[in-house]
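Participant: Chains as they are written, first to last, in the working numbering: chain H, 1 to 338; chain U, 1 to 239; chain G, 1 to 285.
Don't read these hints as lab results, they were simulated from the structure. Being a predicted model, the structure only gives us computed values, none of them experimental. Each hint should be verified, as a subset may be incorrect.
Using 30 Å as the maximum straight-line C-alpha spacing, the simulated DSSO-like pairs for lysine-lysine come out as follows [stated by the list, open to error]:
no.	chain 1	residue 1	chain 2	residue 2
1	G	Lys186	U	Lys75
2	G	Lys163	U	Lys75
3	G	Lys186	G	Lys163
4	U	Lys128	U	Lys172
5	H	Lys319	U	Lys57
6	U	Lys172	U	Lys200
7	G	Lys186	U	Lys57
8	U	Lys57	U	Lys218
9	U	Lys128	G	Lys163
10	U	Lys172	U	Lys199
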Amino acid sequence: MTLADTFPAVQVRRQTTSGRIAMVIGLGLLVALVAMPWWAGAGLIRSIVQLCCYIAIAQMWNLLAGYAGLVSVGQQAFMGVAGYMLFVLAQIFGINPFVAVFLSMLAPLVLAIPTYALLHRLDGPYFAIGTWVVAEVCRLVTSNVGFVNAGAGMSLRVMSDYSAQERAIGITILCAILLLITVGGSYWLLRSRYGLALTAMRDNPVAAASQGVNVARLRFLIFVAAAMGTGLAGGIYSMAQLRISPPSAYDPAWANIAIFIVMIGGIGSIEGVLIGALVYFFADRLFGAYGATYLVVLGVMTLLVALYARGGIWGMVCKVMDAPWFPIRRTLLTAGGK
Amino acid sequence: MTELLSTHALTAAYSDFQALFGIDFTIAKGEVVALIGANGAGKSTFLKSVMGLIRVKPDMVRFDGAAVGGSAPHKMVQRGVAIVPEGRRLFTGMSVEDNLRVAIDHASGQGVWSLDRVYALFPILAEKRRTPVQSLSGGQQQMVSIGRALLNQPKLILCDEISLGLAPKVVKEIYEALPAITAAGTAIILVEQDVSLAKKASRRLYCMLEGRVTLTGKSDDISRDAIGAAYFGAGHAVA
Amino acid sequence: MQWLDALIQGILLGGLYAQYALGMALMFGVMRIVNITHGDLVILLALVGISLAGRLHIGPFVVLAMLVPLAAALGYALQRGILNRVVSDDPLPSLIATFGLSIAMQNLMLEVWSADTRSLPGFGIEQASFAVGPLFIGVLPVIVLLVATGLTGGLDALLRFTKFGRALRASAADVEAAAMSGINPKAIYASATAIAVGILGFAAVFQSLRSTVAPSDGPAQLIYAFEAVIIGGMGSIWGAFIGSMVLGISQAIGFRIDPGFGVLAGHLVFLIVLAVRPQGILGRS
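In isolation and in its complexed conformation, chain H is listed as follows:
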């Protein structure tokens, strides 16, 4: 009797039924997105572009806070610098804007490295405020740089070289790519062996480190990746607006939006981000007119979630059923099939 005979035959199952269904639906939605210039009006396209940016930014924040344990309230810094780099490359240097938007990811990359180097020794809450300071510094410096028209901002006039239809096609494709990179990229990351390291790091950094996970380096890489993803969303958003100015580019409201979406939806899960983004999107449209009162409610909801329902909506769903849209777990199946 060999050693192999003593162990039951096993398989590692990675995909679930719910995951397969979700993947089909997801692909369908992406196709619908890219087809929007042919079936949707300008207003709807603008709304969906905004929704895609919400999802991307929230997912990047989710990766940072939910897995790397880094809470940032300054991601708008990366959105702003990427947006400005896009406008500078396209408007001032004449590079094709649809190419420039990807090149503009260099700006957040370059900003993220010294930012992390300066801030990473700070304790959690202090790290968060530090990111806010960095965002403010970016805003103030940009407001004073004549090259980018200082406080008055810039317009992306080169876009008038394209027809409205061409612009719509371009931006919906960009949004699809954005979602693939941020949401798809996160999912790919979590399913890879880095994903195991990330989940371990989320659950217990000390234990993860003792198992050989280079926690410091992984955190740094996640920070930089999240910065670039957020920057891309910022670039696309500013491109859709056709205008950029320091207060809009570095708007702290983006931090509020990301936090709300991730916390309400459910931190540490991609499903949560999608749910949260939809909730925020519709809440904003339905109640945004109520101005300050609406924001009071948002703030109170965030507070209540942090106190009583830390897993958000998806967390509550998971307590009742186990049907992930983005299956990450590896399940061990023995020959008996269970």
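Starting from the known structure of chain H, arrange chains U and G on it as the hints suggest.
Facilitator: Just chains U and G, lined up with the frame of chain H:
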């Protein structure tokens, strides 16, 4: 002798992991009772349950006639229970005297212990009263920890592995202080891994294994073999 | 002369910032919580003070006498009601909870008081000044500086020499051991927050005397408090004071160079300190 503390079918768990499976225990006023057992037997968990660091049902722990299971730790101190925790748990960054004063500030009432009396028990601490506690040796830190518990004016002290990590000479010094504590009328529950120390210092002992009491009796009367069987479990060979 | 004037302005500004920073240093030192509403609380207290002054026709020092106990009670309630639920090793819940509360507070204040800027009538004290040689120094800034120094010294003494201070320091070192020595952690935390917010009562009055306040000003004050604590060194009460001075002077000198540069100068000094001496001026490595 009057019963001071008793536990009845005490069960305790850490999340999903059950650590104690129904412990019955008593200790009388001024008595010294030892609790021995291997690592993971549940001795520290037992002390934590008494001290209120772990949730248990109120009736499972009775102190001075009242059902106190699950009370908050600071309330147990007010009732007259003090603990010398595992690993000492001193307040780093504060001086020896400040560590001791914290206990005085929150004592359960008037009592026989004073700063001077603690310094008389452990003279080296008087010398080092202004030193930050993290610069003391292990043995000196243990003395501070004991002094801190005493200054709570307790009727009962829980000593969790006070010999751990200390040189034999230092352990001897510390154990020589115990009779002075009982002379003042304080009862002691002594959790110890060192069986001979435990036997010598106590009147009665309990032995635990995997969350249950496997042996109890008068320390002088119990044989080494009986302890061996109870410590490691019957059926395990003891060389 | 211009630079000396900027230096003095900076020191006096630092006195105000110290009153923000002390509470933050206390709360973070003891509980490892950063209360994101820290700045919003100052603004709330200031707006309440201004409304009280308007309704009851009272002077700033009467307002101060009313606000400080109110602030302490507010801090106590905040800790017992909300923050005690999120004190733990994980920084995320307290950060998110206070973040959400901050958004709610700012917008609630906006609803109640509108976005108009307001200030507290000081009946002349804002303009009063006295001459020291060739310089004119304002009475109010000197009062602010003296109060800041007094509060810092008082808080430091409280921590070092009193029963309450020992209990706070013990809880900061090891909260479970503190409980085992008879300290009630929840009560200690509530008292710490009451003191932290009580000090903000002073800051609220001085800020609304020396300039205007509006509901959305909170975050800026939070950032100044935070920068002051980091520059001065975490874990040190006098560190918070010194850090505030450095920040105030940096901003004043920056403002003197160019009016748009003031706040940015402070940020840059903060980043430089982070790069060169991350533990802060009085912090231990």
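Participant: Taking the hints in turn, state whether each one holds.
Facilitator: Verification of the supplied hints:
At most 30 Å may separate the alpha-carbon atoms for a hinted pair to count; lysine 186 of chain G and lysine 75 of chain U meet this at roughly 13 Å. With a C-alpha separation of about 18 Å, the suggested pair lysine 163 of chain G and lysine 75 of chain U falls inside the 30 Å cut-off, and the hint holds. About 16 Å separates the Cα atoms of lysine 186 of chain G and lysine 163 of chain G, which keeps this hinted pair within 30 Å; it holds. At roughly 21 Å between alpha-carbon atoms, lysine 128 of chain U and lysine 172 of chain U fall within 30 Å of each other, so this suggested pair holds.
Annotation: proposed proximity of lysine 319 of chain H to lysine 57 of chain U holds, straight-line Cα distance about 27 Å (limit 30 Å). At most 30 Å may separate the alpha-carbon atoms for a hinted pair to count; lysine 172 of chain U and lysine 200 of chain U meet this at roughly 12 Å. With a CA separation close to 22 Å, the supplied pair lysine 186 of chain G and lysine 57 of chain U stays within the 30 Å bound. At most 30 Å may separate the alpha-carbon atoms for a hinted pair to count; lysine 57 of chain U and lysine 218 of chain U meet this at roughly 29 Å.
Restraint check: the Cα-Cα separation between lysine 128 of chain U and lysine 163 of chain G comes to about 21 Å, which is no more than 30 Å; the hinted pair holds. The straight-line distance between the Cα atoms of lysine 172 of chain U and lysine 199 of chain U is roughly 14 Å, inside the 30 Å bound, and the hint therefore holds.
The structure fails none of the hints (numbered hints given earlier).
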